[in-house]
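A.B. asks: One line per chain: the protein sequences are A and B, in this order. Be aware that the first sequence starts at 1, since it is given in the working numbering, and climbs by one per residue. Be aware that the second sequence starts at 1, since it is given in the working numbering, and climbs by one per residue.
Rather than coming from a laboratory, the hints here were simulated on the basis of the structure. Each hint should be verified, as a subset may be incorrect.
Claimed, not checked - So these bits of chain B aren't anywhere near chain A, every CB distance computed over 12 Å:
{"no.": "1", "residue": "A2"}
{"no.": "2", "residue": "A34"}
{"no.": "3", "residue": "L53"}
{"no.": "4", "residue": "I58"}
{"no.": "5", "residue": "L86"}
{"no.": "6", "residue": "T95"}
{"no.": "7", "residue": "F108"}
{"no.": "8", "residue": "I120"}
{"no.": "9", "residue": "I142"}
{"no.": "10", "residue": "F144"}
{"no.": "11", "residue": "E146"}
{"no.": "12", "residue": "S154"}
{"no.": "13", "residue": "Y189"}
{"no.": "14", "residue": "T196"}
{"no.": "15", "residue": "Y213"}
As the list claims (entries may be wrong) - Partial list, computed: chain B residues near chain A (C-beta under 7 Å):
{"no.": "16", "residue": "R122"}
{"no.": "17", "residue": "Y124"}
{"no.": "18", "residue": "A127"}
{"no.": "19", "residue": "I131"}
{"no.": "20", "residue": "G132"}
{"no.": "21", "residue": "P134"}
All residues carry an ideal CB built from backbone N, CA and C; glycine is no exception.
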Amino acid sequence: MNELFRLEDVTVMYGTHTVLKGFNLTIFERERIAICGPSGTGKSTFLRCLNLLERIRHGVIYFRGQKIIEARDGNVKVLVNENVHRSRVGIVFQEFNLWPNKTILNNITEGPIYLRGIPAAKAVERARELCALVNVDPFHRTTRGKLVNKYPSELSGGQRQRVALARALAMDPEVLLLDEITSALDPPLAAEILRYLRKINETFHIPMMLVTHHVEFARSLATRLLFMKEGKVIVDTPAAKLDQYYDHVDLKEYLEPMGEDA
Amino acid sequence: MAYDWQLGLLLQYWPAFLNGLIITAKLTVVSIVAGTVIGYVLGVLLSMKSPYLIPVKILINVYNALLGWLPLLVLMVWMYYFLPVLFNIKFDGLTVAYIGLSLNLSAFIADVIRGAIEEIPRSYIDAGRAIGMPFPLILRRIIFPEIVRISLPSMVALYINQFKWTTLASVLGVSELLHTADTIMIQTYRSLEAYTAIAVIYLVVVGFGNLVYMRMQRMEFFRQRA
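In isolation and in its complexed conformation, chain B is listed as follows (with noise of 0.2 Å):
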């Protein structure tokens, strides 16, 4: 038999369903921010070869394996559960999805950041300086705008997937796109039709994106190496 589709049902959901996607953009958007900002001070500070930063780039390295090696979802239950039991520290499920999910991001830019300082030949700093540019305008004006060019590819295939990780906040009863469809779901008894309309909604924004990544890779000022 056949499976009866009752979409129409929905359409009288679509309330939620927006504010779901808007729960799951600010997710997104907020996280993107955060982990970018984190992890390019991280990057930064991974890439500079003074003694003195030894044990700071100890600890980041720590910090990177314990985000790397943990899964998200393990992350985010543990603060949420054993935060308040051993340091007393009580966030809601938002906050804590805020956090995980900006904290498992900037782990992966810094790695990002640091290679695409590393990949910056010496001789394009050379060439500044063989024309009098004092250091603070080659880095101004050659090496950010060089670690930017080089970067925004692999970050932007991050901000896609980070769309996507944002699902993890449901866990927490945070109300975002995959939360709805639950809810919605229980309402209803409409499963089908629930996580059909949200994966459509994943399909159209990543899709979106890859589109937008995709273009990216194929642009001349992108791809061009030394």
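Chain A extracted, bound-state conformation (with noise of 0.2 Å):
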């Protein structure tokens, strides 16, 4: 299987607080990873390292065999176009971020056409046609595709994270980052979120890495699954083999049984 990300001895840090603490690892093509951990332990950062939106102090990240940033002691050399590079590793984040001042299709068609050079019309066609995939004014071919032309702030949350994952998509990114995108919903709609991410995976293939509080959640679409404490992995298995965990004493609270939730 080919490589998608190699972390080497990767250390990030704010200020004097250490996020990150000599982070190795390897993630593969068409796996699915999922995040588990306490709050504060390096989660996102992690993600938003592999987008380049957050600066190592020390280490290496490849990106499909190439080196992408090297640091040493705080001595950063991004070795590829970061633009370039973010704009194939997709990343959704926890609070839509969708532009307030955008309609939801132009918050889709922006980075096309903009970015990309696409041309409009085309941009607007594969914009609907990502929409209808997460059900965001599915029947557009024969009702009038309203929400579209609404503007974020008139949306649900549910449906923003949707927009928010469409918008990801439009860019036609290699991988899926996925940054507690469920954590601002109730429990139904990040159900939901749930079943629009297999449908994407069904789709396009596409590998994805998600951060997650529900390891039900995470059990359900993730091929793989980390757990997080300070700033290290401590815990890295297939996801049928998690039961081999139940009595990890790091994971206890994180495997009883969630009731509805997930």
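Fit chain to chain and form the complex, with the hints in mind.
C.D. replies: Shown next as structure tokens:
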């Protein structure tokens, strides 16, 4: 299997606080990774590093075998065009981050039109397809597609998060990073997002890495689970073998049955 | 005894009123354009975090404070009468009015723009960076439209006020609407009619401006927040 990301001895610091410590990890194509763990253990930071939104202080990160960033004790060298790399690695945030001054449609077409130079008509057509995929105006061909012409503030949280997914997909990324995308949503809406992630996975076969608090959510989608604690991976297991860790002292609170959650 | 209105008398002065309205409109438009441009630049500078800009920011804050604390009338009278004495710089009344009105507005706009920029959440910029937008594109496509969106209603309120501030120019002998009324009063002794006529003009223009303002406030585009 081809390697997607490789991290070697990666350290990230905020001021004097170490967020990731000597982090080593290899991620392969076609994997779907879920990263779980308590708040403040560097899960989001880890994702943001892969997209180069966060600067590492030490270590090396490879993307598809190519070194993208190298740092030695704060001496950072970015070895690829940052913006090109970011457009290949899609990321969706917890707080949707849709641009409030643009309609739903324009939020999705912004990148394709102004970064990729795709003709507007084509970008709009593709945006409508993606919207339909995540159930925003699914019947746009027969009824007037009204939602896409609204502003983000007029949509519900679940709808906005689905639009954020469509926006990331519109850039045709090679991998999708999902940073706690369900944490701001109620459990039923989170479950809905999960359904769409499955659909996206079936449609595009795109590798995904998601950070989440819901282990059940993680398990139902991911092929591999990582548990992090204090900037390190403490458990790294195929999703199918998660049951072996039921007695693990750090995992206990996560593996308790969670009722209708997730 | 009821007042004997003689509105018919004013009709023959319509060219004078029209001329006054045109000068008032000129003062408003020119000072709005100049004040907005200056205010934007100052506001952007104020919102920047670079330590090199600290002296510049102190200067801008002094400028804003001076213009904010000084009554505009005092500033304009001072420029008109004392710039020639102190620096041998002589402007006519109209020029002083243009300068005073523009500077006064620029200080308010600088504040509005700085506030608008600070209100833009970092996450919108992150969302742009995340898909690989270079910073100039983020500035043009995300930050600038957002500044306009956040600040436009406040700006419109300032612009409406600017129309009223132009009356101060009458003190410098600029024949805008108020000064026109003064002149007509002197010629006809019908002060009540003359001032009522311009009061109606101000009410109509400002009233219309306020309708636009209220309409904007109700528009979803301007209402939404993060």
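A.B. asks: Hint by hint, say whether it matches the structure.
C.D. replies: Here is what the structure says about each hint:
1. A2: 56 Å, holds
2. A34: Holds, because the least Cβ-Cβ distance between A34/B and chain A comes to about 26 Å, which exceeds 12 Å.
3. L53: For L53/B, whose nearest Cβ neighbour in chain A is about 23 Å away, the distance exceeds 12 Å, so it holds.
4. I58: Its Cβ never comes within 12 Å of chain A, the nearest being 28 Å, so this holds.
5. L86: Holds, because the least Cβ-Cβ distance between L86/B and chain A comes to about 47 Å, which exceeds 12 Å.
6. T95: Answer for T95/B: holds, closest chain A Cβ roughly 38 Å.
7. F108: Holds, since 23 Å exceeds 12 Å.
8. I120: 10 Å, violated
9. I142: Per Cβ check, I142/B is inside 12 Å of chain A; nearest 6 Å; violated.
10. F144: 10 Å, violated
11. E146: 5 Å, violated
12. S154: 16 Å, holds
13. Y189: 56 Å, holds
14. T196: Non-interface label on T196/B holds, nearest chain A Cβ at 44 Å vs cutoff 12 Å.
15. Y213: Answer for Y213/B: holds, closest chain A Cβ roughly 19 Å.
16. R122: With Cβ-Cβ at 10 Å, over 7 Å, it is violated.
17. Y124: It holds, given that the least Cβ distance between Y124/B and chain A is near 6 Å, below 7 Å.
18. A127: 4 Å, holds
19. I131: 4 Å, holds
20. G132: 3 Å, holds
21. P134: Since the shortest Cβ distance to chain A is 5 Å, the answer is holds.
Of the numbered hints stated above, those contradicted by the structure are hints 8, 9, 10, 11, 16, listed in ascending order.
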